[in-house]
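Number of protein chains: 2
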Amino acid sequence: MSLLVVGSVALDSVETPFGRADDVLGGSATFFSASASHLAPVKVVGIVGSDYPFDELKRTFANRPVDLAGIEHANGSSFRWRGRYRHDLNVAETLETHLGVFSNFAPKIPASFRKTPYVFLGNIDPRLQLDVLSQVEKPKLVVCDTMNFWIESRRQDLINLLGHVDAITLNDAEARQLTETNNLVKAARWIMAKGPRFVIIKKGENGALMFTKDGVFLAPAYPLEEVFDPTGAGDSFAGGFMGYIARSGDTSESNLRRAVIYGSVMGSFAVEQFSVKRLLSVTPQEIATRVAEFRKLVAFEDILA
Amino acid sequence: MSLLVVGSVALDSVETPFGRADDVLGGSATFFSASASHLAPVKVVGIVGSDYPFDELKRTFANRPVDLAGIEHANGSSFRWRGRYRHDLNVAETLETHLGVFSNFAPKIPASFRKTPYVFLGNIDPRLQLDVLSQVEKPKLVVCDTMNFWIESRRQDLINLLGHVDAITLNDAEARQLTETNNLVKAARWIMAKGPRFVIIKKGENGALMFTKDGVFLAPAYPLEEVFDPTGAGDSFAGGFMGYIARSGDTSESNLRRAVIYGSVMGSFAVEQFSVKRLLSVTPQEIATRVAEFRKLVAFEDILA
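Residue numbers (the numbering used here), protein chains in the order written: chain L, 28 to 332; chain A, 28 to 332.
Please keep in mind that the hints were generated in silico from the structure rather than gathered at the bench.
These numbers come from a predicted model, not from an experiment.
Given that identical chains are not distinguished, each listed pair holds provided it fits within a single copy or across any two copies.
Computed list of lysine-lysine pairs in DSS-like fashion (alpha-carbon distance at most 25 Å, straight line):
id : residue 1 : residue 2
1  : K323      : K213
2  : K213      : K230
3  : K240      : K213
4  : K230      : K323
5  : K167      : K221
Next up, chain L with everything else stripped away, as it sits in the complex (with noise of 0.2 Å):
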């Protein structure tokens, strides 16, 4: 079954220890679709700016199952997101931010893809959000994003949006000041009172912890040498996700918990190169072998008393 996307569709200049990379393909959306494409097909919903290289996202896509025919063009310049990482790459520093058409994106969903069973809400303003649940019909499962600056500036919609949806996926940080709350579960708990039955924290090279109403699922982070470039970590991990649910059509627990496995490998994967790269070259076997050590990464034997 087929996913919908709504997100960025960006140009990011990116610096870290082990080189850069100026105006490539970026944003939620194109990563999320980088990601999940190699599970299910995606439709994507965005707005680029006249400068945009469209032809550069088409061929990018061409062999995949992208459907870019959501992605408004709009005149004025495109966003823009320039960033540095040091040493600590856990850290992003913001640089420059130029949202330029983005500032007016209003989102259409087309007719052919209001049918989507499942729905991805990338990290835009939560009005939005809640705007794109009103243009589709009856989706089996709606997953939102969202991040710090609209938890400060959209609270209360943020919170009215969490009545909406299925599910919510944001980072440690996120939670705690979305929560006011320090301790995770309780950060959780007070999340799923609002309305989700579930909640994916993401902790970086830490890991990501999934809670529902029957418990906790712990996801480790696979531990690479290199990580080249941790920009669109979160939205990879996101389309691993909502990839495997798509493609298996079955959000039980114990394969939500499964799904949360295949977005840590994608996200595992994104961090190996600039931009959207590694995705695009990673192979079935590659994903599968890496869903084989993650198993082997937390196995261990029975323990006899």
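We have chain L; now place chain A onto it with these hints.
Same frame as chain L, but now just chain A:
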């Protein structure tokens, strides 16, 4: 089989958001013993001053296989640590450290302790840790701990010590500081190149990583809703780890993994109350239940392509 621990026997005064405790039993050897003695007999080498409530320590371990005959009684005041945790319980703020008789500690291993097969060198001057090794006879396994203070002040001695131990436990910040490497996979490799056959990097609420020649094992931290006092978690982890190995007499890769889980389990109990209180009240059944919960925390069923 039995364990030898050399470390501090202290009095802690701790403030957390949930309460305070003054002059309670603390120190690396104390936490280690309270934890490990659930699994194997422990022989303690340390030093206390004339003001130490030694009867309280004896009563505390009265029903445990903990041999306190290696604790030296010196004239002067005992080692005291006073610290505070604010809302981020991962960060201890040291308010006062009073070394007292600990500043002249020169561990003397009693003759009856010298053939102990499993040795844990708690966090003391690496020159003293090495000196302990000259006093023991062919132990089966030697594991040392350390801290930022020794990495800064006794760096070369610590590196020298690495050539004489089987393993080291240290936290992620310490691993980065010692190896001058941000990436933990590289940091572990750096340490193993100096001698140890395995390295355990403790990450507090983010679990622990064990690096061996065969690969990496990731143990989750138990997602506790109430962390009451994190003091002693690392030493309690070491106690569970070494205790499990001493009980089983097995240092194979698969048994080391089980031991890491026992370490994580005992660490998770340690933080539930002040001092060693929870470590003393915990039952074998509670330990077994939490081991099972750790398994459930990371379990995911086979993924089919």
